[in-house]
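S.K.: The lines below spell out each chain.
Protein chains: 2
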Amino acid sequence: MTVKESKSLKVGICGYGTVGSGTLALLQGNAKDIARKTGIKIEVSHVASRSLQVDISGVATCGTDPFAVANDPNVDVLVETMGGFEPAFEVVRQALANGKHVVTANKALIAERGMPLVELAQEKGVTLAYESAVAGGIPVIKALREGLAANRIDWLAGIINGTGNFILTEMMDKGREFADVLIEAQALGYAEADPTFDVEGIDAAHKLTIMASIAFGTPLAFDATYTEGIGALTPEDIAYAKELGYHIKHLGIARLENGWVQTRVHPTLISTKQLIANVHGVGNAVVIHGHAVGSTLYSGPGAGAEATASSVVADLIDIARAKVQGLAKPLVPTLGYTAPRDDLRTLTIEDITTEYYLRITAQDVVGVMADVAGELERFGIGIDAVIQKESDGKNVPIVLLTDKTREGELNEALAAIEALDSVVAPVMRIRVESFGE
Amino acid sequence: MTVKESKSLKVGICGYGTVGSGTLALLQGNAKDIARKTGIKIEVSHVASRSLQVDISGVATCGTDPFAVANDPNVDVLVETMGGFEPAFEVVRQALANGKHVVTANKALIAERGMPLVELAQEKGVTLAYESAVAGGIPVIKALREGLAANRIDWLAGIINGTGNFILTEMMDKGREFADVLIEAQALGYAEADPTFDVEGIDAAHKLTIMASIAFGTPLAFDATYTEGIGALTPEDIAYAKELGYHIKHLGIARLENGWVQTRVHPTLISTKQLIANVHGVGNAVVIHGHAVGSTLYSGPGAGAEATASSVVADLIDIARAKVQGLAKPLVPTLGYTAPRDDLRTLTIEDITTEYYLRITAQDVVGVMADVAGELERFGIGIDAVIQKESDGKNVPIVLLTDKTREGELNEALAAIEALDSVVAPVMRIRVESFGE
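Heads up: the sequence lines are chains G and C, in that order.
Per this note's numbering, the first sequence starts with residue 1, numbered consecutively.
Per this note's numbering, the second sequence starts with residue 1, numbered consecutively.
Hints are not guaranteed to be accurate.
Since the list gives no way to pick one copy over another, a pair counts as held whenever it fits inside one copy or between any two copies.
Here are the simulated EDC-like cross-link-like pairs (lysine to aspartate or glutamate), alpha carbons at most 16 angstroms apart as the crow flies [claimed, not checked]:
| id | residue 1 | residue 2 |
| --- | --- | --- |
| 1 | K174 | E184 |
| 2 | K389 | D237 |
| 3 | K32 | D342 |
| 4 | K394 | D173 |
| 5 | K32 | D343 |
| 6 | K7 | E407 |
Note that these hints are calculated values from the structure, not bench results.
Starting from the given sequences, assemble the full structure and let the hints guide the process.
M.R.: Okay, here's the thing in structure tokens:
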């Protein structure tokens, strides 16, 4: 098969870091195979990079100004791999306004400032694609928007930050402390110098926000997403959880129940029998539950230059295939629905109902277990399992699993427990996820 | 949003069994949500069923002749859920020839007689979709054709027959014999009265054939797929494998290496550390390895009316979205490539190279282990691990794992071992898959 030069898709890349350069490398290295799949050549014609250390002037026009790409009349698609809000937002906005398609790997941009871009893309009839923004190389956006489109999505839950999952896996396998593993993750390049985005769950909340919007047909609502990090977890919590038949994962959970949407990122106990509980290391995994299909799971590499570029280029292939068929407008609405729903309400974290893991540090005195159980009973909270460990000579950890409880009630019960004379430290509380079973 | 009656996609269903009726139920039960995703109503206007026990005449034209659907000028898409080769092939052929799109759940039809249909669909510029034919509700065809399209696929491996996986799981969990569990699977409705298709791996070979064709860009080649069933496995093999750190799964494996394609279905030892080794019960799972993304896994329900209908309706939604945008031809080539490759050759099973689990039943006499090891050594086959079990008073099982070996050599070594006086039964041989690691 010969592909005519004239029938090519011209790509401009803004941001030539790992993902941007990985995208060019993948397009070049696999050009023949990609052309056989699309019937068209995908050609990088313009690259804007803050620092042009890499000489690719033989391949494409090179410069430092991303707006030059957004305004380049020869560019069909702008690939945004700069990250951050500015100038990324304005670059993407100008490209869309100029009638260009945009492919972005920028989860923060889509989750926090995506709505006007989604609307502009729709108005202009161009594609705004972001497969690489969620779960790296795993085509989970495509699964949600297309593969599972016959379903009403009831809930989804994902390990969507590889750094956090690496840290939790090391803590579990080797009994190491959080702070200790974090330093190693930084040395290995898994975690940023400022690890806040990863370990506080903000990065996961960005991805969850995007998935929830597609799943439920609602506008992007990052501010409604509850976020809790993994920094307070101890190797003891991970070991106790395992003793009870659970692994602790930093999950992003979105659920739609009776017209109420909940989106939350926090450490979560998951039964070791669940497949997702056994996704360890830097891997990502998302479970999606549709009303017809039931639960399906998608796992793989959630980060890395090549894996992320795989999704960027998949988006470019979609656009190239559309160009070959002379498609006027994108087939699939940007967020999966032709118009977002506005009839759903947001559940606050106090109103969720789930089971809880509690670790209470108490003086090793007679009657302390009865006192704790009494406070829980007073708030109508049943106990499902208890581990009482050896005393360290002075204090004793009491570990228990509660029945399903509204978080507001639990908070009151925990305040009462912490007020007990025999309880010497704040209670550690971790939510348990049973995946609707 | 109001959807105009005139702008609807008209569907005719041929075959009103579990999947056909599940498709109608899903389209009706989730009509509002689906219309919000497509911007168009998807309407079942004609149903052909062998036995019209179910009265749906208020909903659609009903009859017993599938060709009436294929020739109904009001039908845009024919859904083929009859199964089998005839009349399914001719019904699908006529529908395509009449310029209708076709959605089929018929894996045998696509795998064994798909090529002329693929070519006819291309000639007519219509869609021939078959997501539901592979791995039920898991959108793995979409992942292969689109989500991972940036990659050259190196290999894929799947648990793609739920019946077989249920049987192996029961044998593992409860130490039960194959024949015993099969009877239960039939009673539960998981296995057909004639279980050949499931337990001999033919059903899996159909699905593997389809996935391999998309993965490597080759024509559908069912006859080139090697097939071995699970009927010879014993609970002892499953227990010994576990002792060595492996689960036994009935895998479909496709690999492209140095221009040679291998496709094979057989019982396989997989390290328990692999996620796919922990997919138990009736579930399906497919691991796909792309050169850029690495390994991604897709798991979920591989059968059942609702899960299969989920994929049928996803295909209908793709077609509906294309209709809304006035798309003239399908965006994605039926088998993922604009033209199939013809430069790849097929590797026979004798030429594959892998590790093997061997169980040798020998007389409990001095020197038998040395004899066995000597024969393996004579053929250049290294031993990686050995378990020698207690004698049952007369015979002793010798269980071992070999190093990587060409299957042709192994066959010769096994013949030599079986010729030893002390070896009293045919050697049990199970392939080991290390997923390219």
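S.K.: Go through the copies and call it for K32 and D343: within, between, both or neither, with a Cα cutoff of 16 angstroms.
M.R.: between (48 angstroms within a copy, 14 angstroms between copies)
S.K.: Please sort K394 with D173 into within, between, both or neither, judging by C-alpha distance up to 16 angstroms.
M.R.: neither (28 angstroms within a copy, 44 angstroms between copies)
S.K.: How would you label the pair K32, D342 (within, between, both, or neither) given a Cα cut-off of 16 angstroms?
M.R.: Between copies only: 15 angstroms across chains, 45 angstroms inside a chain, cut-off 16 angstroms.
S.K.: What label fits K389 with D237 when the C-alpha limit is 16 angstroms: within, between, both, or neither?
M.R.: Classified as within; 12 angstroms inside a copy, 40 angstroms across copies.
S.K.: Cα distance capped at 16 angstroms. Does K174 pair with E184 within a copy, between copies, both, or neither?
M.R.: Result: close within a single copy only, 13 angstroms intra versus 43 angstroms inter.
S.K.: From the Cα coordinates, with 16 angstroms as the cut-off, is the pair K7 and E407 best called within, between, both, or neither?
M.R.: neither (58 angstroms within a copy, 47 angstroms between copies)
Hint violations for this structure: numbers 4 and 6, all remaining hints satisfied.
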